[in-house]
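Peer 1: Sequence:
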Amino acid sequence: MKRTMRIYRAVGLICMLACFTLISCEKSKVRSLTEMRQDERKRIKSFIVSKGFKVKEAEREQKDFVPGILYHFDNDLYMEVLDKGGAKAVPQKTHVFMRIRGYALDSSEPVIFDSLSKGKYQPIEFIYIDVYRDGPLHFQPLPPAAGFNLNRYMCEGLAFPMSLLGDGARVRLIVPFSIGPEFTSRSGIPIYFDEVEYTF
Numbered sequence: 001m002k003r004t005m006r007i008y009r010a011v012g013l014i015c016m017l018a019c020f021t022l023i024s025c026e027k028s029k030v031r032s033l034t035e036m037r038q039d040e041r042k043r044i045k046s047f048i049v050s051k052g053f054k055v056k057e058a059e060r061e062q063k064d065f066v067p068g069i070l071y072h073f074d075n076d077l078y079m080e081v082l083d084k085g086g087a088k089a090v091p092q093k094t095h096v097f098m099r100i101r102g103y104a105l106d107s108s109e110p111v112i113f114d115s116l117s118k119g120k121y122q123p124i125e126f127i128y129i130d131v132y133r134d135g136p137l138h139f140q141p142l143p144p145a146a147g148f149n150l151n152r153y154m155c156e157g158l159a160f161p162m163s164l165l166g167d168g169a170r171v172r173l174i175v176p177f178s179i180g181p182e183f184t185s186r187s188g189i190p191i192y193f194d195e196v197e198y199t200f
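Its first residue numbered 1, the sequence shown is counted upward by one per residue in my numbering.
Heads up, a few of these hints could be off.
Stated by the list, open to error - Pair ranges (Cβ atoms, derived):
no.: 1; residue 1: Pro143; residue 2: Glu35; range: 35 to 41 Å
no.: 2; residue 1: Lys118; residue 2: Asp64; range: 30 to 36 Å
no.: 3; residue 1: Arg37; residue 2: Ala146; range: 21 to 27 Å
no.: 4; residue 1: Lys54; residue 2: Ala146; range: 39 to 45 Å
no.: 5; residue 1: Val30; residue 2: Gly168; range: 42 to 48 Å
no.: 6; residue 1: Ser187; residue 2: Phe148; range: 19 to 25 Å
no.: 7; residue 1: Lys84; residue 2: Pro144; range: 39 to 45 Å
Said to hold, decoys possible - Restricting the straight-line Cα-Cα distance to at most 27 Å, the calculated cross-link-like pairs of lysine-lysine (DSS-like) are:
no.: 8; residue 1: Lys93; residue 2: Lys63
no.: 9; residue 1: Lys84; residue 2: Lys51
no.: 10; residue 1: Lys42; residue 2: Lys54
no.: 11; residue 1: Lys63; residue 2: Lys51
no.: 12; residue 1: Lys118; residue 2: Lys84
no.: 13; residue 1: Lys56; residue 2: Lys84
no.: 14; residue 1: Lys63; residue 2: Lys45
no.: 15; residue 1: Lys63; residue 2: Lys84
no.: 16; residue 1: Lys88; residue 2: Lys56
no.: 17; residue 1: Lys84; residue 2: Lys54
no.: 18; residue 1: Lys118; residue 2: Lys51
no.: 19; residue 1: Lys63; residue 2: Lys88
no.: 20; residue 1: Lys45; residue 2: Lys56
no.: 21; residue 1: Lys45; residue 2: Lys84
no.: 22; residue 1: Lys42; residue 2: Lys56
What the hints contain is simulated information worked out from the structure, not anything from laboratory work.
Even for Gly, the Cβ is constructed at its ideal location relative to N, Cα and C.
Start from the sequences and build out the full structure, keeping to the hints where you can.
Peer 2: Structure below.
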């Protein structure tokens, strides 16, 4: 009986040590927010250089946009305006339809998503809002229409341009994970939107 108890204790101790070792190995794989932000900055800087973009710091309420310039905003969004559009969105009222094309900046062979030229995808829909909830928020998501959609990409980074532009606007964006789609907040991967089109 005593021998059996010793064996159980030894096996239990070995199992506890094995679990502790596995847990400590898992923790070492988790990157801190600071590490993720540093990696993201390097990745974005390298991408900007590779594309030959010219970057300019944006003003708080930027109104004029020079063609060919990628504006860097306080929220770390990079935006090049291809078309300013017309009438401005009305907060809490305007129903926006958005079509997008781009890819995540996580590999040399990116997987491209595209609702601009591929008709099978429904536009992403949201109500433009202008509120502050733990930070500025410019969208209220709407349920997706039937069919294929790219709603998983909806984020503050995609909605923010509506605070500056109007109906028919087209932009190019680099969206950091902090204001990117929910799935990028875990991976720390920024997303490049080659073109985003907004219509009301």
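Peer 1: For lysine 63 and lysine 84, compute the direct alpha-carbon distance and say whether it is at most 27 Å.
Peer 2: 9 Å, holds
Peer 1: Could you grab the alpha-carbon distance between lysine 42 and lysine 54 and see if it respects the 27 Å cut-off?
Peer 2: 16 Å, holds
Peer 1: Next pair to validate is lysine 45 with lysine 56; report whether the Cα-Cα distance is within 27 Å.
Peer 2: The hint holds at about 13 Å.
Peer 1: Mind checking the alpha carbons of lysine 63 and lysine 88 for me, to see if they're no more than 27 Å apart?
Peer 2: 12 Å, holds
Peer 1: Holds or violated: lysine 84 with lysine 54, Cα cutoff 27 Å?
Peer 2: Roughly 19 Å separates the two Cα atoms, so the pair holds.
Peer 1: Holds or violated: are the alpha carbons of lysine 88 and lysine 56 at most 27 Å from each other?
Peer 2: 24 Å, holds
Peer 1: Is it true that valine 30 and glycine 168 lie within 42 to 48 Å of each other by Cβ?
Peer 2: Given range 42 to 48 Å: holds, Cβ gap about 44 Å.
Peer 1: Hint check: lysine 118 vs lysine 84, CA-CA at most 27 Å. Holds or violated?
Peer 2: 24 Å, holds
Peer 1: Against the 27 Å threshold, does the CA-CA distance of lysine 45 and lysine 84 hold or violate the hint?
Peer 2: 25 Å, holds
Peer 1: Taking 21 to 27 Å as the stated bounds, is the beta-carbon spacing between arginine 37 and alanine 146 within them?
Peer 2: Given about 38 Å between the Cβ atoms, the range is violated.
Peer 1: Does lysine 45 sit within 27 Å of lysine 63, going by the straight-line distance between their CA atoms?
Peer 2: 25 Å, holds
Peer 1: For the hint 39 to 45 Å, verify it against the beta carbon of lysine 84 and that of proline 144.
Peer 2: 28 Å, violated
The structure fails hints 3 and 7 (numbered hints given earlier, in ascending order).
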